[in-house]
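Line order of the protein sequences matches chains A and B.
Here our numbering = 1-based position in the first sequence + 2.
Here our numbering = 1-based position in the second sequence + 2.
Treat each hint with caution, since some may be false.
The list cannot tell twin chains apart, which means a pair is met if one copy fits it or any two copies do.
Claimed, not checked - Taking lysine-lysine and the BS3-like style, the derived pairs with C-alpha atoms no more than 27 Å apart in a straight line are:
#: 1; residue 1: Lys24; residue 2: Lys236
#: 2; residue 1: Lys173; residue 2: Lys194
#: 3; residue 1: Lys154; residue 2: Lys6
#: 4; residue 1: Lys173; residue 2: Lys24
#: 5; residue 1: Lys141; residue 2: Lys49
#: 6; residue 1: Lys154; residue 2: Lys24
#: 7; residue 1: Lys242; residue 2: Lys173
#: 8; residue 1: Lys24; residue 2: Lys78
#: 9; residue 1: Lys242; residue 2: Lys65
Derived by calculation from the structure, the hints in this document are not laboratory data.
2 protein chains.
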Amino acid sequence: MQTKPTLFTSLSPALLHLYDLKNAVVVIIDVFRATSTIASALHNGAKCVIPVDTVEKAIALSKATGGIAAGERDGKLAEGLLHGNSPLEYGPDFIFGQTLVLTTTNGTRLLQMALDNDADTIITGSFPNLSAVCNFLLKENKNVILGCAGWKDRFNLEDTLFAGAVINRIKENFTIHCDSSLTAEQQYLLVKDDLYSFAPNLTHYHRLVDRFGLIDDIRFCLTPDAADVLPLYKDGLLMKG
Amino acid sequence: MQTKPTLFTSLSPALLHLYDLKNAVVVIIDVFRATSTIASALHNGAKCVIPVDTVEKAIALSKATGGIAAGERDGKLAEGLLHGNSPLEYGPDFIFGQTLVLTTTNGTRLLQMALDNDADTIITGSFPNLSAVCNFLLKENKNVILGCAGWKDRFNLEDTLFAGAVINRIKENFTIHCDSSLTAEQQYLLVKDDLYSFAPNLTHYHRLVDRFGLIDDIRFCLTPDAADVLPLYKDGLLMKG
Numbered sequence: 003m004q005t006k007p008t009l010f011t012s013l014s015p016a017l018l019h020l021y022d023l024k025n026a027v028v029v030i031i032d033v034f035r036a037t038s039t040i041a042s043a044l045h046n047g048a049k050c051v052i053p054v055d056t057v058e059k060a061i062a063l064s065k066a067t068g069g070i071a072a073g074e075r076d077g078k079l080a081e082g083l084l085h086g087n088s089p090l091e092y093g094p095d096f097i098f099g100q101t102l103v104l105t106t107t108n109g110t111r112l113l114q115m116a117l118d119n120d121a122d123t124i125i126t127g128s129f130p131n132l133s134a135v136c137n138f139l140l141k142e143n144k145n146v147i148l149g150c151a152g153w154k155d156r157f158n159l160e161d162t163l164f165a166g167a168v169i170n171r172i173k174e175n176f177t178i179h180c181d182s183s184l185t186a187e188q189q190y191l192l193v194k195d196d197l198y199s200f201a202p203n204l205t206h207y208h209r210l211v212d213r214f215g216l217i218d219d220i221r222f223c224l225t226p227d228a229a230d231v232l233p234l235y236k237d238g239l240l241m242k243g
Numbered sequence: 003m004q005t006k007p008t009l010f011t012s013l014s015p016a017l018l019h020l021y022d023l024k025n026a027v028v029v030i031i032d033v034f035r036a037t038s039t040i041a042s043a044l045h046n047g048a049k050c051v052i053p054v055d056t057v058e059k060a061i062a063l064s065k066a067t068g069g070i071a072a073g074e075r076d077g078k079l080a081e082g083l084l085h086g087n088s089p090l091e092y093g094p095d096f097i098f099g100q101t102l103v104l105t106t107t108n109g110t111r112l113l114q115m116a117l118d119n120d121a122d123t124i125i126t127g128s129f130p131n132l133s134a135v136c137n138f139l140l141k142e143n144k145n146v147i148l149g150c151a152g153w154k155d156r157f158n159l160e161d162t163l164f165a166g167a168v169i170n171r172i173k174e175n176f177t178i179h180c181d182s183s184l185t186a187e188q189q190y191l192l193v194k195d196d197l198y199s200f201a202p203n204l205t206h207y208h209r210l211v212d213r214f215g216l217i218d219d220i221r222f223c224l225t226p227d228a229a230d231v232l233p234l235y236k237d238g239l240l241m242k243g
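The shape of chain A in the complex, shown without the other chains (with noise of 0.2 Å):
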């Protein structure tokens, strides 16, 4: 009998460094909202997204690549840019054959923690692209890490939730002995039936919509398969995997 792969969450940046990246697929969780952006911007077209880690190098990058230079600090529009962290700025008009270069408080951070741990292998999920995920992992048959952003190293409830969500899509095929993705599965199946209606208990969801009137961002960052394509990173780039 073959041994199945295991699989792992990290429910913070803060504990990815308990686990070994080395021969495992990272997932790389940040639902609110920059691995929903990133599926939204490679679903409509872009021809790459850039993840960078200050705003300084996104402005560079993007007059280096003739790309859109965006993101975001504390969930608002970062000095110095002219586009955001929203998946809904990023439509098929606007970023179709475009690069995009993005900076975000804590997705674009925890990609660079999984290269600097040499994860072998780096994706990006969200429930927009829940199921172009579970099947890049079923079909790699690798070991799993599942990396939950968080917000400034704190734990986030949508990003596990995201985490649980994978997990009950693949557990068959891994072996997981982990109080993080049982949890997280748990949580998942209490309010997979409506995340929408579960969101305003979330501590980011306050953070978003209550300050930034940010509700259909919301929306769209919890509607599974909406932007159903598998951000793969490779050379400092993530592409349509």
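Fit chain B to the given chain A structure using the hints.
What follows is chain B alone, placed relative to chain A:
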């Protein structure tokens, strides 16, 4: 209207630094088994429990105080010690009037971290002293950090379940905007009616039961109010508060 104090849950020692401990009561939670053992020893008449971070210190301090050196590493009796980290070892015949010098893998380390972060007040909690912990937190009416000890910085569901039990009892008296606390309470509500039947789902259960046969320890550690004292830390000692 008076503002209610805040309550946060830290799901792992690696996340404790994200919270302001200076004006807070910090509850050290290590359900399997350090904080259950501490409750048991004090409930059965121990004069005090001295938590220390190394086996060497446990031996030296026990000699200096005429106390009992005890502890575990990786779930089993630490080399050089005659007594372990089982709450059932510390019945009244053995522990009454004695000083217990205890070193453990996770719980005593987290307590040291709370000290290093200038916690205002430190207590220890586990299901056997659930009511005493809740009553103390209500009486103090200060900010609360529920600190889960986990397993070598990994998330542990049993510690989070205890955090959820506390939140479920006292939440009306606190301001709680914290996805960790929301998750902890939801998990607790899912399994509270039969914690003991749920236990085999926990990774730590397998470490303790499959490897070391400690099923009676598990049962004690999950029994609410089985040793309902308040261990309060002051000047290096845990004593009945």
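Given a CA cutoff of 27 Å, do Lys24 and Lys78 count as a within-copy pair, a between-copy pair, both, or neither? Neither: 34 Å inside a copy, 30 Å across copies.
Within a copy, between copies, both or neither: which one fits Lys154 and Lys24 at a CA-CA cutoff of 27 Å? Classified as both; 24 Å inside a copy, 20 Å across copies.
Could you place Lys141 and Lys49 in one of the four classes (within, between, both, neither) given a Cα distance threshold of 27 Å? within (24 Å within a copy, 60 Å between copies)
What label fits Lys173 with Lys194 when the C-alpha limit is 27 Å: within, between, both, or neither? both (17 Å within a copy, 25 Å between copies)
Can you tell me if Lys24 and Lys236 fall within 27 Å by alpha carbon in one copy, between copies, both or neither? Within one copy only: 15 Å inside a chain, 44 Å across chains, cut-off 27 Å.
From the Cα coordinates, with 27 Å as the cut-off, is the pair Lys154 and Lys6 best called within, between, both, or neither? For Lys154 and Lys6, the Cα distance is within 27 Å only across copies (25 Å; inside one copy 33 Å).
27 Å Cα threshold - placement of Lys173 relative to Lys242: within (25 Å within a copy, 46 Å between copies)
For the identical chains here, do Lys173 and Lys24 meet the 27 Å Cα criterion within one copy, between copies, both, or neither? Within one copy only: 21 Å inside a chain, 42 Å across chains, cut-off 27 Å.
Give the relationship of Lys242 and Lys65 under a CA distance limit of 27 Å: within one copy only, between copies only, both, or neither. within (23 Å within a copy, 66 Å between copies)
Checked against the numbered hints given earlier, the structure breaks only hint 8 and satisfies all the rest.
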